[in-house]
Amino acid sequence: GAVVSQHPSRVICKSGTSVKIECRSLDFQATTMFWYRQFPKKSLMLMATSNEGSKATYEQGVEKDKFLINHASLTLSTLTVTSAHPEDSSFYICSARFGGSGETQYFGPGTRLLVL
Amino acid sequence: GDSVTQMEGPVTLSEEAFLTINCTYTATGYPSLFWYVQYPGEGLQLLLKATKADDKGSNKGFEATYRKETTSFHLEKGSVQVSDSAVYFCALSGGATNKLIFGTGTLLAVQP
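Chains as they are written, first to last, in the working numbering: chain U, 1 to 116; chain A, 1 to 112.
Cut-off 16 Å, straight-line C-alpha distance, at most; resulting in silico cross-link-like pairs (EDC-like, lysine to aspartate or glutamate):
(1) A/LYS56 - A/GLU76
(2) A/LYS99 - A/ASP2
(3) U/LYS66 - U/ASP88
(4) A/LYS52 - U/GLU103
(5) U/LYS41 - A/GLU8
(6) A/LYS60 - A/ASP84
(7) U/LYS42 - A/GLU8
(8) U/LYS55 - U/ASP65
(9) A/LYS60 - A/GLU76
(10) A/LYS77 - A/GLU15
(11) A/LYS56 - A/GLU69
(12) U/LYS41 - A/GLU42
(13) A/LYS77 - A/GLU63
(14) A/LYS52 - A/GLU69
(15) A/LYS68 - A/ASP2
(16) A/LYS99 - U/GLU59
(17) U/LYS42 - A/GLU42
(18) U/LYS66 - U/GLU87
(19) A/LYS99 - U/GLU103
(20) U/LYS20 - U/ASP65
(21) A/LYS77 - A/GLU16
Chain A side only, calculated, beta carbon under 10 Å to chain U, not exhaustive:
(22) TYR36
(23) GLN45
(24) LEU46
(25) GLY94
(26) THR104
(27) GLY105
Derived contacts from chain U toward chain A, CB cut-off under 7 Å, selection only:
(28) SER43
(29) LEU44
(30) LEU46
(31) ILE93
(32) THR104
(33) GLN105
(34) PHE107
(35) GLY108
(36) PRO109
(37) GLY110
Keep in mind the hints are simulated off the structure, nothing from the lab. Computed from a predicted structure; not experimentally measured. No residue lacks a Cβ here, since even glycine has one placed at the ideal position from N, Cα and C.
Chain U extracted, bound-state conformation:
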């Protein structure tokens, strides 16, 4: 099956610093990648959708200048949380898809971010 990796799996940073999270599709080319945020005991909240080589489309209420998304290749997308604050602490999950909207999304294992 399709494998998606995320790095790092866990990160602790100081308030005001920036953190980059990588999402890679290991055995397929992802035409579209998605970034989600999950709060404790809650469902996933879609933050943004990115297509390779174009700007990400952000969901309403998600600050594009705070959550920078780059999808430079068909196998790599990055999410950078800029000037992180404690309220940004969360579980961030990426997913990748090859093909159209009816196709399966494959999820990464998630990155736990804790901002002190």
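Since the structure of chain U is already known, use the hints to place chain A on it.
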């Protein structure tokens, strides 16, 4: 817009009990339907999917049938194990939007 409704949890069962987690959806067009499972501290894993009406998805003893007439995709397993304890998410894709629309998730706790 498109939406997914699944039964509230937590669902607590004894080992070898029968499991049903209800899921209904609202969508335009002909969406694909999915069940994802999330084990503690991990990301989501695709459990099964169905892409058209009357399709049955199955994996690891779990199954769900795409019922267009009742707009449902209920998850069932005949005999649960402790290792099945996780959060289960019903989802749809390919309706009115490009997005994967999730239900709120159902926590399943299986006791020995």
